[in-house]
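J.: Heads up: the sequence lines are chains A and B, in that order. -7 is the number of the first residue of the first sequence in the working numbering; add one for each residue after it. -7 is the number of the first residue of the second sequence in the working numbering; add one for each residue after it.
One or more hints might be untrue.
Identical copies go unnamed one by one, so any copy, or any two together, can satisfy a pair.
Here are the simulated SDA-like pairs of lysine to any residue, each with C-alpha atoms no more than 25 Å apart in a straight line [stated by the list, open to error]: (1) LYS233 with ALA286; (2) LYS233 with LEU128; (3) LYS407 with SER453; (4) LYS135 with ASP404; (5) LYS233 with TRP195; (6) LYS276 with VAL445; (7) LYS233 with ASP579; (8) LYS88 with TYR669; (9) LYS138 with GLU518; (10) LYS314 with TYR303; (11) LYS276 with ASP315; (12) LYS533 with GLN345; (13) LYS533 with ASN115; (14) LYS233 with GLY33; (15) LYS31 with ARG452.
These aren't lab readings, by the way, just hints derived from the structure by calculation. Quantities reported herein were computed from a predicted structural model and do not represent experimental measurements.
Number of protein chains: 2
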Amino acid sequence: MSPSNPSGLFLALLLCAALRADEGMWTFDNVPAARIQAKYGFAPDPAWLDHVRLSALRLPGGSGAFVSRDGLVLTNHHVAHSWIEKIADPGHDYVKNGFLAADRSRELPVPGLEVRTLMATENVTAALKKAVRGGLPDAEAGKARKEALARLVQAAEARTGLASEPVTLYHGGETWIYSYQVHSDVRLVMAPEFAIAAFGHDWDNFTYPRHDLDFCLFRVYEHGEPYRPAQHLRWSRAGLKAGDLTFVAGHPARTSRQDTLAQMEAARDLLDPLRLASLDHTRKALHAFAAQGAEQARLVSAQLMTLENSYKIYLHEIEGLKDPVAMARVTEAERQLQAKVAQDPRLQASAGQSWGLIRHAVQERCAIARESALLDGRGSRALNHALGVLRWKLEAAKPEAQRVVGYRTARDLEKVEAGLAFSDRLDPAVEQACLAQGLQEALDELGPAHPIVAALLEGRSPRDRARALVTGTRLLDPAARTALAQARPGAVRDSADPMVALARRIELLARPYLRRNEAADSVITEQGARIAQARFAVYGKADYPDADFTLRLSYGSVESCPANGTLAQPFTTFGGLYDRADGWGPDAEDHSWGLPPRWQERRAALDPRTPLDFISSNDIIGGNSGSPVLNREGELVGLVFDGNIATVPGRFYYDSRFNRSVSVDCRAILEALDKVYDASWLVREILD
Amino acid sequence: MSPSNPSGLFLALLLCAALRADEGMWTFDNVPAARIQAKYGFAPDPAWLDHVRLSALRLPGGSGAFVSRDGLVLTNHHVAHSWIEKIADPGHDYVKNGFLAADRSRELPVPGLEVRTLMATENVTAALKKAVRGGLPDAEAGKARKEALARLVQAAEARTGLASEPVTLYHGGETWIYSYQVHSDVRLVMAPEFAIAAFGHDWDNFTYPRHDLDFCLFRVYEHGEPYRPAQHLRWSRAGLKAGDLTFVAGHPARTSRQDTLAQMEAARDLLDPLRLASLDHTRKALHAFAAQGAEQARLVSAQLMTLENSYKIYLHEIEGLKDPVAMARVTEAERQLQAKVAQDPRLQASAGQSWGLIRHAVQERCAIARESALLDGRGSRALNHALGVLRWKLEAAKPEAQRVVGYRTARDLEKVEAGLAFSDRLDPAVEQACLAQGLQEALDELGPAHPIVAALLEGRSPRDRARALVTGTRLLDPAARTALAQARPGAVRDSADPMVALARRIELLARPYLRRNEAADSVITEQGARIAQARFAVYGKADYPDADFTLRLSYGSVESCPANGTLAQPFTTFGGLYDRADGWGPDAEDHSWGLPPRWQERRAALDPRTPLDFISSNDIIGGNSGSPVLNREGELVGLVFDGNIATVPGRFYYDSRFNRSVSVDCRAILEALDKVYDASWLVREILD
């Protein structure tokens, strides 16, 4: 026994089937009914699944559901946030003050917002195989595959009249076509105040016990009338209790659970710690800046909160990747798959070398990780902007096949462009402090003689160099940034702005590292696909595919877990909301736990026992925000809005000891609509 | 920069004077007034200190204070627990149901309970020096010192008429005589129900946010009348708010903050992990036993809870000893002291080698730590008892000077005897499961050929050997254990009971290890004293002495800290108490968060906004339980009952980033006395 790594823990691993229990984000065609039945004495049948699938909705960046016969849509406030912001105007701050339509005629159109229902799915794996003649060389087969798939998608669209898209599951093990009904007349019905929807602000993000009323109601219209969906979720009157079976239907965005151990180790030992250290540097620079006075603190408070939150996430991802029990399981799963592959000559030929090749590629990435990490905006938002515009223009000018990853498709380029648009005037003092810190970090890391440092500093001290750059640039001004983004590529190449000039030098220095990273990444992608296909050949659909923002079902139960040195209570209540507000006072930490006026006034009207949030063992991840939580009757009982801190390493694995999704209890929504918002017409519609 | 150990953290160390802020358990003769004044704009004057000192009380294992002019004593329920248990009888379970005297005449005498006030202190360092003639050989000087000190104590007792005892501060830097007034007619006035005093049971121990009403009221009598103390604490009407200055006057029992880095590293890397691994083994054996059925679970639930709690404590002590910022500070302090010692030839001669000698002694302890740890009761309470009786008899029979540590004085032997008395009948199945696990652990650790394993197993499997021992022993029976303890030493030597026979073999095997440990310990003690005296020579009373269960003052403020991924609220409220009770339901985890009937019935009468518990940055440790928390006016505002999880490594260091004491807010006590217990006569007395 090694004392710092007790062998008992590894023993526990063998005992603990619990580690896998309730794991999985399952496609609706492959819900593990027998497994659910064995554990919970119930399993969803096809009618149950159809009802839930047709009620579930995909929103931009999140999930939702139809929750009334007249097309009411329930999702999270934080999924709706940017849309609410868009329709707000100076006289109507619907984010801060919330919004409630007086009646249906006053619901507010939200231009651009689309929601979609998954109406039909079709497994085209076999059809695709048939369409691509055997014996073709790789490149030709790939092209034929692509064309055949495009034809199948077109055929599906023609047949169904729905928006259809190809879906690759199991990293290529299966190909499907998912067809969606798209609704684009979506109106805001009700949004609570930001302060109650995001009670505890970013401090409480990824934590539990929690007291957020993170919901929002939209309505879908068709031809100017409320839409009547084929299916909608009825609201449970009884609600949940501890131990009850729960389902979550939603759109988890991305997991990397099939990554190899080498990839996870690199994240744990180098890549995440590098990001963490860099965040830590910027965080310290901003804290030091904020310490200069109240105005300085105000200037950076939002940026600091975001940084602190990213810091928290990387910290816990690293911690998760160090958990001996969880990582022993990952290691053991890899070992088992390797053994199975080794037993099958065909698999061995295809994937036997893949783990080794990935390990090498990961080593290559790690070898240049420090330099790569330093060739960024160095904490300056102006420099980041200049770099972004430059790279965007350079890549857009090339043929698609020659572009670097992230700039390849038209969609990629749109995304980059959108990311460049931010309209605040940058504060020179903040810019200078952050950039000086960023330059200092590069100097400390690589030493003064390194070519990267020479380019960054031009022989000056970090502080002087930052001052010169920030004083000399025009990019603090939003108009100048817009002008740069809209200028012809040559203008960016010729600009005399010192920040743009530095961006050009960084870009030049970064290019070989980008290419090396790209080469390593393509090995990782190719070999990862081989492993995934081998895994699919061995385990088939006994396993679930990595998340890809398609509709999934997860199952679990309302269940406590260790938290904060004790056990987390399965439910919180309105009483707990007021406890935290009282315990902090209204002004603490920039009003993070302050209650909106209406919530102070209506306190006595609310039953403090009403369950507010709860945790369950459902396996979820980002993108699941706004997912309905269902009981075994398929009724709505909750609304997923977060995961606890143990879901942070959920990108890599699920651990039933600690992993919990955090949901708003629907009883709290009804109680609040009734007692706080006087929205009796909505309550009647919901309970109709 | 090493990515897993970012250099930024070490930079932070230099920036963070905050690490030391509010640190210290100060003697009343040496309160750092200037430091408190500088930070909080107030410092206690001599009158303030006298008032508080004369109001403060030492209780067995804890602290308390006079809180009314008629001798009412406030302390924690958990300090009073065993005394309340003693005066309970089958018809009156005062622990479970609480107790409230209907009036003063019904207050319940608590035989054996003593409380003491520190009436006078005298620095005898110089007198002692004068009394011991220079130039004597070490042994003679020691003897002369001891005799002189005894004379000084006698003189103090004669002069003051008080119970006087010598106090060694700064590991010998100063010697004092502390004189106490002892009160031995103490009566129980009011105790809340266990379920509200220890809400959250052991789960919540060392955690915050917290919702315990952990208080108890006694009264001191003299000559059959309520005692009128010279000073008592008045209760604040206003209470505290976040940021307010707080003082804690109490009796911290023991710290090891002057331990060397080598000692802390040994605890971190070997000694604590060994204990942790052993706890983990027993814990698993008990969990496996409990999994057999409801009755089995009931049998071991209390033992499991205690184990889990110890496990939590060791786990967090190890974590604390791994904290890079805190440990960098410890390392730097040691380096600085070594540098100062090296500059002074006298100090260098006395203590220059001490760190190296301690490191060697620690290595010796570590070298035999595994074997030493296995020569215990191996999880069997019967074997533990046999070992205890055997060692106790063997040591008691020797002259004092030849006894091993822990058995030396008459007081030591009394303590051992008290520890041997436990009256429950041991369950053979539990004993067998734990002992089999303990024997298996020894086998796994040392292999079958090791003489310790040979003695433990006698060639059988752990399971068979455990079965034979448990079946064969009579020591499961309390009567048999009492008989063994009361028997003449020879009877223990000759007993044919297999558990006693095994104890004799273990004792024989353990003796050389005990001796080696003892030799190493004596080096550590001797060299530790040299370092401490050097430290005192360098820093004098700018530092505070290690805790030793004498009266200390700590200062701080009501202050949040990171907890559970977010920030901890400075106060909790009655609303939060009900939130947790509702969120768990009454039966969860063996009623750990269940409310007593009275607290359910009176819910509507209570103001949910009333502050219940709070955290402050005061530096405290075990023994401080029951300490009054005071505001700058010297009024009572709270009652210390625990520390948060960051206080677990507080034995070694204080870290103001995380370290918080947890106290009951006095407003909660008054509100509960009034609204829940109808104890208006007590409220009147308190507010008089």
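J.: Determine for every hint whether it applies to the structure shown.
T.: Now the hints, each set against the structure:
With identical chains, the CA atoms of LYS233 and ALA286 are at most 25 Å apart between copies only, with a shortest distance of 22 Å across copies and 46 Å within one. With identical chains, the CA atoms of LYS233 and LEU128 are never at most 25 Å apart, being 58 Å at best within one copy and 77 Å at best between copies. In this homomeric assembly, LYS407 and SER453 never come within 25 Å of each other (Cα to Cα): the closest approach is 36 Å inside a single copy and 67 Å across copies. For a Cα distance limit of 25 Å, the shortest separation of LYS135 from ASP404 inside one copy, 21 Å, qualifies, whereas the shortest one across copies, 86 Å, does not.
In this homomeric assembly, LYS233 and TRP195 come within 25 Å of each other (Cα to Cα) only across copies, at 21 Å, whereas the closest approach inside a single copy is 28 Å. Taking CA atoms no more than 25 Å apart as the test, LYS276 paired with VAL445 passes inside one copy only; the shortest distance there is 21 Å, against 55 Å between copies. Taking the shortest alpha-carbon separations for LYS233 and ASP579, only the inter-copy value of 13 Å comes in at or below 25 Å, while the best intra-copy value is 34 Å. In the homo-oligomer, the alpha carbons of LYS88 and TYR669 lie at most 25 Å apart inside one protomer (15 Å), although the nearest pairing across protomers, at 43 Å, exceeds that limit.
Taking identical chains as interchangeable, the C-alpha atoms of LYS138 and GLU518 lie at most 25 Å apart only when both belong to the same chain, with a minimum of 17 Å there against 80 Å between chains. In this homomeric assembly, LYS314 and TYR303 come within 25 Å of each other (Cα to Cα) both inside a single copy, at 17 Å, and across copies, at 20 Å. Taking CA atoms no more than 25 Å apart as the test, LYS276 paired with ASP315 passes between copies only; the shortest distance there is 19 Å, against 28 Å inside one copy. Taking the shortest Cα distances, LYS533 and GLN345 sit within 25 Å of each other inside one copy (24 Å), while across copies they are farther apart (67 Å).
With identical chains, the CA atoms of LYS533 and ASN115 are at most 25 Å apart within one copy only, with a shortest distance of 13 Å there and 79 Å across copies. Taking the shortest alpha-carbon separations for LYS233 and GLY33, only the intra-copy value of 17 Å comes in at or below 25 Å, while the best inter-copy value is 52 Å. Taking the shortest alpha-carbon separations for LYS31 and ARG452, neither the intra-copy value of 66 Å nor the inter-copy value of 39 Å comes in at or below 25 Å.
In the structure shown, a violation is registered for the earlier hints numbered 2, 3, 15, in ascending order.
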